[in-house]
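Since each chain sits alone in its own frame, please combine them into the complex, following the hints.
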Amino acid sequence: MAGELQSETPDAAKRYGGKQLHVPGAGTLGVSLLVGSLSVLFISSLIGYICYWFSFPRPVTVHLPWGLWLSTAVLFISSITIHWAWLAIRHDIQRSCRIALLATLVMGIAFLCLQIWNWLEIYGALQSADHALKALHPQYVSPIGGMRMAHALIYEKQALFAAFYFFTVMHAVHVFGGLIPLGVVNVKARRGVYSRNYHPGVRYCLIYWHFLDAAWILILITLLITF
Amino acid sequence: MTTLTGNNFGDTPVVPAKPDNYLTHGKTIGSWLLTLDHKRIGIMYLVVGLLAFFIGGMLAEVIRTQLLVPQGLIFHGTGSVASSYAAYRYYNQVFTLHGIIMVFLVLIPIIPGALGNFALPLLLGAKDVAFPKLNLISFYLYVVGALLAILSTVLGAVDTGWTFYTPFSIQTESYVVVMVLGIFLVGFSSIFTGINFMVTIHKLRPPGMTWFRMPLFLWAIYSTSLIQVAATPVVGITFVLLMMERVMGIGIFNPALGGNPVLFQEFFWFYSHPAVYIMILPAMGIVSEIIPVFSRKHIFGYEFIALSSLAIALIGFLVWGHHIFVNGQSAELDAVFSFLTFVVAVPSAIKVWNWLATMYKGAIVLKTPMLYALSFIVLFTIGGLTGVVLGALSEDVVLHDTYFVVGHFHYVMMGGTLIGFIAGLHYWWPKMFGRMYNERIAQWTCVVLFIGINLTFFPQLMVGADGMPRRYASYLPMYQPYMIVSTVGAYIQLVAFLSMAGYLLHSLFRGKKAPVNPWGGGSLEWETSSPPPHDNFETTPSVGDPYDYTDMVFDPVTNGYVRTEPQQVPVAAPQAH
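Line by line, the protein sequences are chains A and B.
Taking our numbering, I'd label the letters of the first sequence as residues 4 to 230.
Taking our numbering, I'd label the letters of the second sequence as residues 212 to 788.
Pulled out of the complex, with its shape left as it was, chain B reads as follows (with noise of 0.2 Å):
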């Protein structure tokens, strides 16, 4: 879709000039930090996201490289009890800030934040979200939170766990109230972004495009956005009680003062546990979209698909007592959350049997997008599993705070969230920047981060069930096997992210122009240019089956995709114009 632009003097031949895209459309600085535009915006959620996570990911490392050696490699005493103690406080400072960066500044927000904002007008081929200005400031409350947070770990760093479980959190000398402010203007930002989300969905979708033809990415934005608007005041409420339990010693927490710690735990996972599912959601809608695409074959059950993401929603609201099970909860609210934990996994696997249904018979294409996609697959369904088995009662007594738990949820966060996340990325990667990056390359890094992953935390799995305690700096040394495999798979993950930092840094310079639909997508942002234009699109795009993926073929000049007839629009809807 070039644009023509030429003067008008008669014979002067007219120039074709550079079409303007969103990234070329403002150069100032200003207009990239004051801009209203939702690409723009999501792709600063994506260079502050990726920034955490770098911040996490060395964190995380810090935390293996410890853990290679049963006294710990970085922080370990002189020899004295005192000393050593001394020395581990370091080590809870740096899994506490590593938890909470990881979950409150890159799960809970990148998703939503960086591929949701750029995605989901495009998806709708709208202009632009609702409420453009909240957006912008959503994303500031963001960054401002996450200074906060920068903040409190120069002046004190958290040493609470990233739960911040009383009374240790009132108790202990590091700035929580500081680090606790910072994730209540980051939780801010996340209900503004909610509520956009939502409205955007309910009345910005295109004539014709009702509930039950939108991509199924929608559909889990818009069950994410749920939770974020109901569910995130609570932890805000939490936190504000924290801070004046700290500050002020009213006593609602705090047992020294006849409070209740355990009503905390409530508050916090009230929260935290549909959190779970503002980080999962999102990632099971990206998978949803690329199956499909890459098995050239209409999405199987898109309804349960759909429903199941406000299912899982729904129930996920339900589940937060299973935290609680060995912390004074009575036996009969142990039987019904953990019933309650049983019945949110089913949607989840109605989900994976739907992608597995999708993909048989179809003509699969090992591009990386899918092999991402599939690796969620693998990952999530070990993830999952192991949950349900958390939440069998007389297993999760054994395998409470053991490694286990480390084990399952981060493949759950790391392999279900993350990864979802990364398949995202190259999918919309030649969209959002209009270049191609190395395939072959970016295929054998999604093989060794694949590996990594599980080297990483199946060990962690089975010394959990050997009853490795989770949060230890040093451990004995019958555990240490396990413990050098995993730090090992932490290694060879950070290779393939340094691989694929290399290859997405250089597709920027020295990438192929990509086509307008490289992967041959049937939703209405591969029928805009790449990048698209400031305004998305130039005509508003008709509105058909976003999986109907007939009379598409491979274009051999643009190396894209392209439609050899329109698409027929949907018989009951009314004709886009």
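Pulled out of the complex, with its shape left as it was, chain A reads as follows (with noise of 0.2 Å):
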């Protein structure tokens, strides 16, 4: 029954107040919550991008970097080895989950590896922006490498640089916050605590996972029609 306490033994009891609570079911509706607040975040960031980038529509001269079609291959393979971690512990097939659990967290950070080199070529294209600037206007100072690249920005009318790095940057925060709790359930796994009647750790996992790949096509469909 859902609202049922399993009784605490006495030494079991933690030190500071724990009450050994264990509630069937909390877990996967405290992290759907979690997840539906994490995609209000991204819709509203969409939606106030769109907003902006109708009221201020900018010419087109930069292309997105081709590196993304890779990260996003990656970060969809990912969401298919965890969906198989899942259905393999369902099935109380320990190696092949254990498999596919690396193989995600692998993946993940793959992924995190990709974004940072789509975060350099898109610099490097920002910087033949400034120096074709440069040529046109010997007194133009350069304003990259300091912090603020709105000088760039408003010369070259690209704010769009700032939305491929906030999206990029924001979405790249939560794989990289996914991967701390995945690479626990690595060693969970490993370790064999996981069973066919108890796997909440994969379970979690996979609702995150697939948040962030419904996140990243969000993104790229945005960055797509935009730029």
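Just so you know, these hints were derived from the structure itself, not from any lab.
All C-beta atoms in this analysis are idealised placements derived from N, C-alpha and C, irrespective of residue type, glycine included.
Don't take every hint at face value.
Across the chosen pairs, the derived CB separations fall in these ranges [said to hold, decoys possible]:
(1) A:H134 x B:S294: 45 to 51 Å
(2) A:S198 x B:T592: 56 to 62 Å
(3) B:I695 x A:V172: 51 to 57 Å
(4) A:F57 x B:T592: 22 to 28 Å
(5) A:G180 x B:G241: 26 to 32 Å
(6) A:W69 x B:R300: 48 to 54 Å
Given below as structure tokens:
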């Protein structure tokens, strides 16, 4: 029953007032609510960006780095592998689950590396735009290297750079945040903690990873339309 | 519920030991700071929140003292215009800090954090919230956020107003980034608390407690959590963008770089208007608990009060545009937002009518919590109705950015949220600390506070209707009579709050021991001892109708209420064991 608490043994009670609560289904609901909350974050910022883009349309002179397609593919595969891990543990195939979880972790790290490469690519594009500007106006002082991108953006009319960084970095931060619990789940799976009837960690990672995938697809579509 | 302890050596008499409760369960500082017990976390929220309220309140007294004379009593120049501007900047910092501290560190977290944490699992008959560790993390995020806010004040106090409107918040030299980062963390705390409470209400309701047999405070907390989870991320992203704008100049809000400052307002109010309902809904929940208990009568229109909380939460998401009526929004949008603003008044009014209907022909007992609940109804009604006035487009054009707005939201925030919080504090105080406060002094304090609030804020409505702008450090001499009355009211409030602090602290040490059920409440928290034991309940309490007061009589021996026979468990419910 949903409201039932498992009785505790006195020695199991934790030091600082822990009460050994075990609430079935609470974790899944909690993670779902967190994902709902984060979805509001992504969707609202995308809507804000689109409003901004409509009111200030800018000529398109940069192209998205092709590495984005590569990172998209990697993230998509990692979404498949985590699903595979979940299906495997539901059928109690331990080895398969461990491999799939490890693959997801590796894919997640690979995704972050690819994103860093993409950021450098875009930064290079920004820099060459800056050089071109300098050739045109000798008195122009390059803002690149300092923290203030805005001058380059206003001259090149490319607030799009900022949007690109904003969305990809925000997404990468959430991927990074997901890698930590995923690592814990990997370790736990190796220790054989999970079974057919008990695998909450795998389930939470599954929900979160599908969310990361969906959020990325939304971001990519928005970037493709606006660039 | 005294636990008997003794040894097992033959004839030695069993000595009744002092019953263990959550306050005495662990005595080290670590057992408080690292506690996972929802009651202790609630008390810690209470302490930090009241500390923040003290600072914010003192800043309010500074504001009121400044406005005693037209040129300003505290911050004024030496005659030249330049020196006046330099002095008035301090005034800007004072009202900004007052606003930020009161909104983000007091009004939003204090009822869910302090009273919600303490009472929610007790009302459910549960041992704790669903995620006790997350609960502790929420508390420390709140504390770190508050410390960052104070740090920014030391470095260079923010002077933007609590709304951080661009482009001024981008240009000002003060430490906006640190302050905004602090609020960002408090926002995280708010989201985690919301998730925790929602899951707790979903999963920890005892057998027999269906959604429509929950105490109404839980409905209010649930609706609040819904807003916290769904709206707070938006203010998070707003503040991240504001920080990026200040540090890197991305140009999204800054018109000098092609950005749109009104976009900031849309983002900001998409959170901050629902945040108003984060503040008021739990207070309404508290009033819904208190009114039936002190009317000795079943709550009237339970479903309407419960569902109106949800309705306020949902419609509350759709009214943010009324903050932008005069800031360049299209006339069509203005009309839609104006209409929706009127609509959100309906569920609030439903609550007020149901409270009145509950009191009708009830045996009303004017104990302190009830006095505060009645004050809430009066003050919130004034605040709410002036809100409808401001929701009307033509009136808003005239009254926007005047003291009328200041008066309106102080009636709602101070007269609504804060009075609701104080009502709940007095209602649950005996349960929290096991002590009774001096009833007579508390009643008089409530009367003084009620007078003080009205003296402070009613003149602000009048002076606003006369055209005095808000946020000004100086004003035309014609407004001075109103301002003097308002300041006197603020001092009267200060006296009331000092008196409250006095008798509450006194009760902790010298108060009479509280009985299990001092007010005759029917919900589950009144079935455990005062203060409750570490695990909340010795045995799982049986769930009945929380607003059923039949068969409940006053027992002069314990000075509390007892049921003469066990409550009838509703027929459709599965039997609790």
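Cβ distance range 56 to 62 Å for S198 of chain A and T592 of chain B, holds or violated: holds, 58 Å
CB-CB spacing for T592 of chain B and F57 of chain A relative to the 22 to 28 Å hint: violated, 42 Å
Status of the given 51 to 57 Å range, CB of V172 of chain A versus CB of I695 of chain B: holds, 53 Å
Outcome for the supplied range 26 to 32 Å, where the beta carbon pair is G180 of chain A and G241 of chain B: holds, 29 Å
Satisfaction of the hinted span 48 to 54 Å by the C-beta atoms belonging to W69 of chain A and R300 of chain B: holds, 52 Å
Outcome for the supplied range 45 to 51 Å, where the beta carbon pair is H134 of chain A and S294 of chain B: holds, 49 Å
In terms of the numbered hints stated before, the structure departs from hint 4 and from no other.
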